[in-house]
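Model the placement of chain C on the given structure of chain D, informed by the hints.
Number of protein chains: 2
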Amino acid sequence: MAAEKQPWQTLAKAKLDSINQSIPAHWRLPSLPRNEERRDVTGDYVRQFLSKEEIEITEALAPTIVESTTTGHWTAEIVARAFCHRASLAHQLTNCLHDTFFDAAIEDAKSLDVYLAKNGKPKGPLHGLPVSLKDQFHVKGVETTMGYVGWLGTFQGKKGTGKERVFESEMVQELRDLGAVLYCKTSVPHTLMTGETVNNIIGYTWNPKNRNLSCGGSSGGEGALIGLRGSPIGLGTDIGGSIRIPAAFNGLYGLRPSAGRLPYQGMPNSMDGQNSVLSVVGPIAPSVSSLQLLVKSLLSREPWLHDPLVHDIPWRDERTVISKDQKLSFAVLRHDGVVSLHPPVKRAVETVTERLEKQGHRIIEWKPPAHKSGLDTLFAAWTYDNGADVRSAFELSGEPMAPQIASLYGAELHAGPPKDATFIAANNVARREYQKEYMEYWNSTAELTGTGKPVDIVIAPVAPVAAGRPNGVSWYGYSGIVNVLDYTACTLPVTTVDKSIDVVDPSFKPLGDLDSSIMDQYDPEIYDGAHVGLQLIGRRLQEEKVLAVTEYVAGVLTA
Amino acid sequence: MAAEKQPWQTLAKAKLDSINQSIPAHWRLPSLPRNEERRDVTGDYVRQFLSKEEIEITEALAPTIVESTTTGHWTAEIVARAFCHRASLAHQLTNCLHDTFFDAAIEDAKSLDVYLAKNGKPKGPLHGLPVSLKDQFHVKGVETTMGYVGWLGTFQGKKGTGKERVFESEMVQELRDLGAVLYCKTSVPHTLMTGETVNNIIGYTWNPKNRNLSCGGSSGGEGALIGLRGSPIGLGTDIGGSIRIPAAFNGLYGLRPSAGRLPYQGMPNSMDGQNSVLSVVGPIAPSVSSLQLLVKSLLSREPWLHDPLVHDIPWRDERTVISKDQKLSFAVLRHDGVVSLHPPVKRAVETVTERLEKQGHRIIEWKPPAHKSGLDTLFAAWTYDNGADVRSAFELSGEPMAPQIASLYGAELHAGPPKDATFIAANNVARREYQKEYMEYWNSTAELTGTGKPVDIVIAPVAPVAAGRPNGVSWYGYSGIVNVLDYTACTLPVTTVDKSIDVVDPSFKPLGDLDSSIMDQYDPEIYDGAHVGLQLIGRRLQEEKVLAVTEYVAGVLTA
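Listed in order, the protein sequences are those of chains D and C.
All residue numbers for the first sequence refer to the numbering used here, where the first residue is 1 and numbers rise by one.
All residue numbers for the second sequence refer to the numbering used here, where the first residue is 1001 and numbers rise by one.
The following block holds chain D by itself, in its conformation from the complex (with noise of 0.2 angstroms):
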């Protein structure tokens, strides 16, 4: 007789407990309080749970924690015990987590020690630095659901493949051989195909900043771990918007890079194979900083021996350079003709702007080729299959898709089969010819900005909210665009929302439904003390530039 199939709900209630159990008894809170209760957790609420020692480390920047445990300063086993912690504080206070291996760590850790001991030197360049990983990267030991309850037991929702909780993807087999240390992976939606992060495991995660908001997605466990420093850095991966939405939702940097900078060799994906607008993998940190040491560690192994996929581009110090008494150009996107930016986003741009203008930088608008009409091309690649490989991983254990997936792959809305070649190449060209357009947009700013050289970087929101309201509307037409461009984009935190000063214009005239709509969605009382993060971008391949940028305007905005 075969084994009865289990319904949906025991399976996912089974794996929550789970998680649960695995952080340690004495690591859990005995009450919690409700999101109404105590919306913002950061900070001096979650540092009350922790030691004096434990709060240091956990706040504690990549580069000083690598410092410390390759000079002895802290051992590689005391920081891993303290994200360990910390990150039990952040999954009980969101929902941030998918799955610990807190004890695999602390062995891992503890053998980088006994490495340094011995060898006198550090195994690597990430000798010891904690990492969290979203739910789709494939770790040994671990399961991988990518939110999915069909895919508990699984190798990517298949049984029997021998790759269960044994297969490796490139990215955690290169950060291990830099000395990494992995201890969680954090919750996504399922799909990944929103900026929200909701399934049927783990239910949804908040944003420890505002409770009222969603931690954004699909990278949203890492935006809400790394959020409440439970995570000194992990990484995530961006088609639309992935990774900048959780790290600016969470007063982040998270860096998108170009499509084969960084190796996405042995990660599964939503409609994998479809090669259109690929997804990228990229870091989410609390500074430029850690997102550079990461960036410059991974390609120190020359990714591109191991995936196909990634370009035989180096690490270019050289392009990290911004003397002292350089101006730079900057263009400011203030809006994408589509949807209006809430206040308290309108007031970072300004901001962000003002700021670096009285440091004499030249500041022009940005009028690009319609962002509508490069965004049609991504959408219709998102749902070239009209949803057939998402919904079969719904099939595979029966359970309901989050309403927020719903309005992209129901059933209701792809009656029809998949699109064909003639319509995928066509897409193709309208791609490439936007790209072409928008690139000549920007070799043509040359004419403006009175240094003889196109603007250095775009300043642009990430998305027109500072977080997204639970289930609500969304446009991710200002994330998505980068993706259609392949460009390089860095978020960084610009401020927070205050209640004061943050209201609707009362002469605000939406463009349409979907604007109006969005602009609804603002209320000052929710939104109070979320943070306000915006991107900026460079062209493609730029990453080294847009990160020493980033890093430089992050400290004229804290200066």
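Source of the hints: derived by calculation from the structure; they are not laboratory data.
Computed from a prediction, not measured in an experiment: that's the story for all the values here.
Even for Gly, the Cβ is constructed at its ideal location relative to N, Cα and C.
Warning: the hint list may mix true and false statements.
[Said to hold, decoys possible] A few chain D residues facing chain C, derived, Cβ under 7 angstroms:
#1 25
#2 269
#3 272
#4 274
#5 385
#6 414
#7 416
#8 419
#9 426
#10 429
#11 435
#12 436
[Stated by the list, open to error] Beyond 12 angstroms from chain C on every Cβ pair, some chain D residues (computed):
#13 170
#14 430
#15 486
#16 499
[What the hints assert, rightly or not] Heads up, simulated EDC-like pairs for lysine to aspartate or glutamate below, C-alpha to C-alpha not over 16 angstroms straight-line:
#17 D:296 with D:312
#18 C:1436 with D:302
#19 C:1436 with D:168
#20 D:499 with D:528
#21 D:436 with C:1036
Positioned in the frame of chain D, the structure of chain C alone reads:
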């Protein structure tokens, strides 16, 4: 009353007449030997129609030409005139041209001479260098047919676009800015999707070294023209061997760069938008030094600022260094598991291997993952749309497909609809997995070379044949595998067929019908004298290294 649509034969004949009449009367040969009468029209044969100075100019290599035109040794005008003359002869002997624009070229050359005189410096690193172009590049004042009768008088098959004879491909603009002189467009097979050059306008392009045989394709006119030294360097494109096949068949060096190294922007193509395996653009010339000059010059223009698919990778001089005593590791591919090599190609492989071994270099046997499974993903990509795009181009005029094309795209083969998104995604995944498997095989050779490093370069045939027989059975697996892998490869001439030694091994046992049919086409009498070339294959985006090693190996062969 609408104009009567003319039969395709009338349009084709008019175009052919116009090509032939564009050759100045004093350069027309009063009588032409039939192919049977005069097999080899290169060398002394073609020289008889040229002055001593014309011979000196047209047999100079690109770097020498540029040096001469920039030092005043030769004017750009005299160089242009010499190549226009020799190209005219080449066309009469092989049918290698689709268009000439000699007057414009001579005007451009005169302007360059004036520029030099006035400014005391050349316009750019290609100052005064004639460059021929496959009839796939758009050049101002000239039409692009890509071999289709239906494209005559149109822009890519469409009338009234306003781009006819005005629009220029990105590469063409770059060449002009670099100082190159453009003067002719060379023949291609309609569709570009075969390794022979045949269409309903110019008929068949012959191999000038042995007019029993094909010049190769699809950049076949380039091969024949440069093989006869009617051009010092030309540009072709390659999605399965279309640069390397004509280069090898004509005793030339042809570089197939990895996708994204050189700009393809603004060029028409068959199945444009099919982006599983991208066609690439690359140069063909009689020396590696010529290829290096062109690639380095093009990269100096930062083409990534004008083509969204070009990666920001400048020319890397440091990767061209091969020190005097450096021992390189080569691998040799003697059989791809599908089709056996004709005797002269087998001998060429042995010759190169032996010479390199004598120099003390390490050679290992190349036993990669079965090529067949990788090639299936390439061939699938060529027919995603089941021939719809190609057939629509034939339908414009009603002209018939050449049999070489009908065997791939004939209506009788493709009754079904285009493939769908699910099929295409699965094919993309299969290709990526094959690339990964292959790259790890390459990495694994570190254990075999004795240097602790993987092989530097793989020595491989471009085709199982020295050159194709007209409308013979073909196998593009040897060239196509490089496109599957997106590796960099450069051809090099090794020897010529010698009927006295290149005979079929009586013990040859075919692996199957294809293998048998291809070996059956070998006949020492027919092939005698033909060029035999091979390719040297490097990893992705290793253009500098592949060119440097090819130059080194060429030196060993001629020492």
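Verification of the supplied hints:
1. With 7 angstroms as the threshold, the beta carbon of residue 25 (chain D) stays out of range of chain C, its nearest partner Cβ sitting at about 43 angstroms, so the hint is violated.
2. Below 7 angstroms, beta-carbon pairs count as interface contacts, and residue 269 (chain D) has none with chain C, the closest being about 10 angstroms; its hint is therefore violated.
3. The beta carbon of residue 272 (chain D) comes within 6 angstroms of a beta carbon in chain C, closer than 7 angstroms, and the hint placing it at the interface holds.
4. With a least beta-carbon distance of about 5 angstroms to chain C, the hint placing residue 274 (chain D) at the interface is held under the 7 angstroms criterion.
5. For the restraint placing residue 385 (chain D) at the interface with chain C, the shortest Cβ-Cβ distance is roughly 4 angstroms, inside the 7 angstroms limit, so the hint holds.
6. Below 7 angstroms, beta-carbon pairs count as interface contacts, and residue 414 (chain D) has none with chain C, the closest being about 12 angstroms; its hint is therefore violated.
7. Proximity of residue 416 (chain D) to chain C is violated relative to the hint, the smallest CB-CB distance being about 11 angstroms (cut-off 7 angstroms).
8. Restraint check, residue 419 (chain D) versus chain C: the minimum CB separation of about 5 angstroms is within 7 angstroms; hint holds.
9. Given hint, residue 426 (chain D) at the interface with chain C, holds; its Cβ is 6 angstroms from that chain's nearest Cβ, closer than 7 angstroms.
10. Using the Cβ-Cβ criterion of 7 angstroms, the hint placing residue 429 (chain D) at the interface with chain C is satisfied: the shortest such distance is roughly 4 angstroms.
11. The interface hint given for residue 435 (chain D) holds, since its Cβ lies 3 angstroms from the closest Cβ of chain C, which is under the 7 angstroms cut-off.
12. Of the supplied interface hints, the one on residue 436 (chain D) holds, with its beta-carbon coming within about 6 angstroms of a beta-carbon of chain C, less than 7 angstroms.
13. A beta-carbon of chain C is positioned within 12 angstroms of the beta-carbon of residue 170 (chain D); the least distance is around 9 angstroms.
14. Residue placement check: residue 430 (chain D) does not keep its beta carbon more than 12 angstroms from all beta carbons of chain C (closest about 8 angstroms).
15. Consistency note on residue 486 (chain D): stated as away from chain C, yet its beta-carbon is not over 12 angstroms from all of that chain's, at 7 angstroms minimum.
16. Residue placement check: residue 499 (chain D) keeps its beta carbon more than 12 angstroms from all beta carbons of chain C (closest about 43 angstroms).
17. A C-alpha spacing of about 13 angstroms is found between residue 296 (chain D) and residue 312 (chain D), which places the hinted pair at or below 16 angstroms, so the restraint holds.
18. Distance hint between residue 1436 (chain C) and residue 302 (chain D) is fulfilled; the C-alpha atoms sit about 14 angstroms from each other, no more than 16 angstroms.
19. This hinted pair checks out: residue 1436 (chain C) and residue 168 (chain D) have alpha carbons roughly 14 angstroms apart, not beyond 16 angstroms.
20. Restraint check: the Cα-Cα separation between residue 499 (chain D) and residue 528 (chain D) comes to about 5 angstroms, which is no more than 16 angstroms; the hinted pair holds.
21. Between residue 436 (chain D) and residue 1036 (chain C), the direct Cα distance comes to roughly 50 angstroms. Violation of the 16 angstroms bound is thereby established for this hinted pair.
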